[in-house]
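**Student:** If you follow the hints, you should be able to join the two separate chains into one complex; please do so.
Residues per chain, in single letters:
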Amino acid sequence: MPADYAIETSDLSKTYRSRWRRREVRAVDGISLRVARGATFGLLGPNGAGKTTFVKLLLSAVIPTGGTARVFGRDVHQPEARRPVGYLPENHRFPTYFTGTGMLDFYAALSGMSAADRKRRIPEMLELVGLERWGAMRIGKYSKGMLQRLGLAQALMHSPTLLILDEPSDGVDPMGRRHIREILGGLEEKGVTIFINSHLLAEVELFCSEVAIVHKGRVALSGRVKELIAGKGYKLTAAQVPEALETALRERAVAVAARDGVIDFQFATREHANEAIDLLRRENCLIEALSQTSSTLEDVFVRTIGNGGGVAGAPKAVEVTA
Amino acid sequence: MNRTASMALIRDTFREAIARKIFWGLFGLSTLMIVFFLFVMKIDIVAGATASISLFGFRQHGAVDAQRLVRGVFGGVAAFLYSWGNVIAVFASAGLTPSVLEPGRIELLVSKPLSRWHILLGRYVGNLLVVLCNTVYLVIGVWLILGWKTGIWSPAFLLAIPTTTFIFAVLLAVVVLVGVLFDSTALSIMITIGLLIISLILAAKDTMMKLLSSEWSRRLWLTLYYILPKVYDVGRITLNAIMDHTFGGWMPIWSSALFAAVMLGSALYVFSRRSF
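Read top to bottom, the protein sequences are chains A and B.
For the first sequence, my numbering gives the first residue as 1, with consecutive numbering after it.
For the second sequence, my numbering gives the first residue as 1001, with consecutive numbering after it.
Next comes chain B alone, as it looks inside the complex (with noise of 0.2 Å):
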């Protein structure tokens, strides 16, 4: 593969993404957070308890096992990371395929002497690339931050980079499918949100065995949460692993990934059979 391609389809992808602000507003996103932990929380721990918790400058006094809260707010953190952090990502970033498809832009591209995965994979990348700045931004922003006020590192919670991001990436393929299929931006987030909503009433499986009546239902439901991606599951491992520092098994991340896979893989093969 042909390196100074690659890179120069990374580069523009996060220019566009400076360009739509979406870099920047999913920037200032993380720092708002950031912000809020820096001065808005404070946490006062005394010997290894907390003395007092203030939130916008009420204080609730009352001794908390400080370890229990500080891995209590990494959790928090890393669920709304994981959860409206990959909305919003989704969001920002659905425009990025559809807008290289564009008449008069996309011809140039594929005259270029790469291959039309190439070109697709790198525009790929380069957008997962932006959310994971983004996400590294924010998780360590915060470790650092929680881990300077209160003395306790909690290294499990920089798990949520890697499990955000492989959500995002599991995401993003759907998005880019619909986007080769359709071009169209808006049909892509509506997609990829019903998959991601889908996804989350699948995950109540257990439940459904019980109260579904028939066995074809059932069977039905099973086979759709097995090979739709497990986005609420890889979400409670992330934050098992936080919380608890347990982990579920690795079903959930497999199957995800080889939907993603599949996903990636027909939009690679729609883009390499289109005509612009």
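This is chain A alone, in the form it adopts within the complex (with noise of 0.2 Å):
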């Protein structure tokens, strides 16, 4: 029977212990995750939160200390839990002495596939990354741009049914961006499960519909996308506002942001925000714009890491449905 998860991990730990020093990092605390089959799945949280160890720990490229993870129901210990697994690392080095040919040949040939496959797959992987004219090119001369969609290639080329991406866009312009989540689109559409670690929290909100926030080690939140950034709120545009109106308005807005005269306030009610319409209109102050808002993934993040994390709180295991 086909396990329900892509990705299951159970207390999941990890401590770095100083080889002389009895000096130690819990750089992974207690996660316990689940990714459903299919789900696009962004891992979220700021630099040192222990993303790219919970990510290595995935791939068995980090023994843990304590708790398990599983890959399509299967221990990441076994190597066969990583047949299915397409893995583009964060600040990889890929042998510079490779063609982009060589290179998708060589690590293809680990994950198992015959000569024939590969043969037929590579100029497949290299057009869909737009390389289609550089793959008989030592992999030197590519520029940051081109080695990522290369990664990119390289995770692809035995047609996975999970992905796992560290950082996909790091050095990536914004095209090469645009190009990478129309490829990734392309995959989701196929039923790839995709697992995105990322700082960039814009371009997650943007693919995925699933995320969770890790900080210090642990999962500070998670849950959907959608659900998570729909926190409702108001923005009101206005001009001519005397001083001391704007210096009441502003005690009651959660957010003010001036320029060339005109004000934008954020209400977090509705209730605020037709209070500061009669004020305003009492004034004879002109309404530029009222409009409904909701949070960004932004907001979310900085409001739970500001929160010293919510680790507290947070529930010991995370579902995520795709």
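The set of hints was computed from the structure by calculation and includes no laboratory data.
Note that beta-carbon positions come from the ideal geometry of N, C-alpha and C, so glycine has one too.
Everything hinted at is true.
Computed beta-carbon distance windows for the label pairs: (1) R120(A) to F1091(B): 39 to 49 Å; (2) L1222(B) to N91(A): 47 to 57 Å; (3) R224(A) to S1266(B): 47 to 57 Å; (4) R23(A) to G1194(B): 29 to 39 Å; (5) V302(A) to V1262(B): 52 to 62 Å; (6) G140(A) to L1222(B): 51 to 61 Å.
Some chain B residues close to chain A (C-beta under 10 Å, calculated; not the full set): (7) E1107; (8) L1108; (9) S1115.
Here are some chain B residues pointing at chain A (derived, C-beta under 7 Å): (10) E1102; (11) G1104; (12) R1105; (13) V1110; (14) S1111; (15) K1112; (16) P1113; (17) L1114; (18) S1275; (19) F1276.
**Tutor:** In structure tokens:
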């Protein structure tokens, strides 16, 4: 029977100990996470939160000090568990003696692909990532963005059903990012589970349907992106606001931005927004615009991390379904 | 074991050895030696004895037993290859293990559906084959040239191929263990060459047993001698076989093989338990 989850971790922990001194760093501290098949999942967190260690634990590149990790129901320690996984590491260093074609051939062979399949698939993958004319070139000549795209092609060579990408847009220009998003979109439609570790919140918000925010090695918050950013608010834009009224409204607003004599007030509730409109009209101010707003993932992230991670109240097991 | 992956790992080691000029460096040195025998050293045989030998155009006359002379040349080549060839090979290939462990490279390798021991063993075998190719090229080349020039074909010289490669395999196991423990090419070379020197000193055990006064120091010497690889003794076995067609016994070979197995086994264990 196929496993329900592409990724399933239970109380997964990693503590680094220095070789000589008795110093310990708890990089991952009991993360329990479930990612359903076919989900697009984003792992977020500030630098040093333990995101990359968590990803490496999923691939058995790091040996855990506690807990378990399973990929499609198999313990990640088993080499077979990694067969359906395509992985693009952060700060990869592909050997520069490879050509683009040679590099894809090597890593696909390690994934167990036959020579005939590799020969057929390499031109397809190079074309997919827009490097079809660069296959014969040594990768020492590639730009950072090209290497990133080649790395993505490498991860896709053996048609994985789980794609784990660690900072996939690192060093890629905006056009390249859009291209990568389109490729990932196509894979999502085919039912490939995509797990992205990134600090680019806007990108994760654009692409992922679920996220988990990791802070100090633990899951601080998780859920569907739509639900997390659904916190309602109202933005009121007004001009010719007297200073005394501006000061009064600033106290009611959750955020204020002024530019060229126009002020944006952000209110948390409809009542606050209506009160502000009444006050502004009484003073004959010009109301330029009123709109309902939702939080961005960045707001959610800042609130979560700013609150010290909210770890104490975080659920022990986090389930995310496609 | 996945044969496709094994072949890919071996090919990758060759590719890296070529890119780092290791392969061609060893190939160039071997070629130089072959060219020396082809053009510089001239041996004229008359009725089974040498009429003359010349080196760089300087001719030395005198009837020497041709068989003895050719075996002496083969012995010299084998000794050179066994000693200096192996030292050069250790220097040249010591970086091939730490290079795989570089951050950004190793994570991707261990994320593939392969066991860790498969990855490390693939690199070890690839490294061994790089040296084996050059040893075969040099030994066969010299053997063919001297055979062609003198008409004397001594198959015992070909024994230099397995014995040289065998001792390199023993030393490479140490290189790999130090490499996975410390990620350091320099330390790999220092420890391996240090071990080589110690094993050569320990080989003088018969003399030392007479010189050492205390029982415990004699026991310590013998213990170290039997534990560590017997580089000198295996070399002696090779030379005796080439020059006198005699065989000195298997003990230095199996005990060195056991040492290599323990070193390689330890390297595989450490590698399988490491976090990257």
